[in-house]
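On the provided structure of chain A, position chain B as indicated by the hints.
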Amino acid sequence: SAVISQKPSRDICQRGTSLTIQCQVDSQVTMMFWYRQQPGQSLTLIATANQGSEATYESGFVIDKFPISRPNLTFSTLTVSNMSPEDSSIYLCSVVRPGVNTEAFFGQGTRLTVV
Amino acid sequence: GDSVTQMEGPVTLSEEAFLTINCTYTATGYPSLFWYVQYPGEGLQLLLKATKADDKGSNKGFEATYRKETTSFHLEKGSVQVSDSAVYFCALSPNSNDYKLSFGAGTTVTVRA
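Sequence lines, in order, name chains A and B. Position 45 of the first sequence, counted from 1, bears residue number 45 in the working numbering, the numbering being contiguous throughout. Position 89 of the second sequence, counted from 1, bears residue number 89 in the working numbering, the numbering being contiguous throughout.
Where hints are given, some of them may not hold.
[To be verified] Partial list, derived from the structure: chain A residues whose beta carbon lies under 8 Å from chain B: (1) Val96; (2) Ala104; (3) Gly107.
[What the hints assert, rightly or not] Partner residues aside, some chain A positions facing chain B, computed with beta carbon under 8 Å: (4) Met31; (5) Phe33; (6) Leu43; (7) Leu45; (8) Thr48; (9) Leu92; (10) Phe106; (11) Gly109.
Think of the hints as simulated: they come from the structure by calculation, not from any bench. From the three backbone atoms N, C-alpha and C, an ideal C-beta is built for every residue, glycine too.
The shape of chain A in the complex, shown without the other chains (with noise of 0.2 Å):
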């Protein structure tokens, strides 16, 4: 299995600040994604992240709101900004790693409450 260390692992921040999020694998993978899950609900597709690119967004989330980084094949950011009471959820990376009967793998995720 993979890995996957997520910080940090929860926050308490002020409406309108920036919130970044790390996700580190302890070894290289093919995709890294991020997840929203707003209390109560499901699990959301934020975006792709991707190696050396820009993100692949999901509908109903844009660049300008959640900017992803990738700069390598093993971590990935994920920033939260301008944030509201909205915002309030726990994010989660998840990875894939290459070879045979691959799964997605997911982090401890990040508890987000905006005040």
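Relative to chain A, chain B alone:
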């Protein structure tokens, strides 16, 4: 677009009871289907998966069969334990090479001793 509809909970059972969680999906093409589980205080982890029609995924006593005719992937376990208490998510990906997952709402299962 692709979507997953999952029986919502919460579900409360006694130990050794039979558990079933219904999951149906809407998708074009040939999706892969998954059940993920989130135990208290832990991250999301894959429980089982099936990549084509009539495949049966199984793990830890849980089973689910990919039914294309009914577009379903119901999760079952014949005898649950307290340690099975968790949140269960049904999910799909567009195909076996695409890991963008669409998740169901999640079902909270509590097993009482």
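Hints, verified against the model:
Satisfaction of the interface hint for A/Val96 is found here, the shortest Cβ-Cβ separation to chain B being roughly 5 Å, below the 8 Å cut-off. Using the Cβ-Cβ criterion of 8 Å, the hint placing A/Ala104 at the interface with chain B is satisfied: the shortest such distance is roughly 5 Å. Given hint, A/Gly107 at the interface with chain B, holds; its Cβ is 6 Å from that chain's nearest Cβ, closer than 8 Å. With a least beta-carbon distance of about 6 Å to chain B, the hint placing A/Met31 at the interface is held under the 8 Å criterion.
Of the supplied interface hints, the one on A/Phe33 holds, with its beta-carbon coming within about 7 Å of a beta-carbon of chain B, less than 8 Å. Interface hint status for A/Leu43: upheld, as the beta-carbon distance to the closest one in chain B is roughly 4 Å, under 8 Å. Interface hint status for A/Leu45: upheld, as the beta-carbon distance to the closest one in chain B is roughly 6 Å, under 8 Å. A least Cβ separation of about 7 Å between A/Thr48 and chain B falls short of the 8 Å threshold, and the interface hint therefore holds.
Evaluation of the A/Leu92 hint against chain B yields a held restraint, the C-beta minimum of about 7 Å falling below 8 Å. Checking A/Phe106 against chain B: minimum C-beta separation of about 4 Å stays under 8 Å; hint holds. Of the supplied interface hints, the one on A/Gly109 holds, with its beta-carbon coming within about 7 Å of a beta-carbon of chain B, less than 8 Å.
Against the hints set out earlier in the document, no violation occurs for any number.
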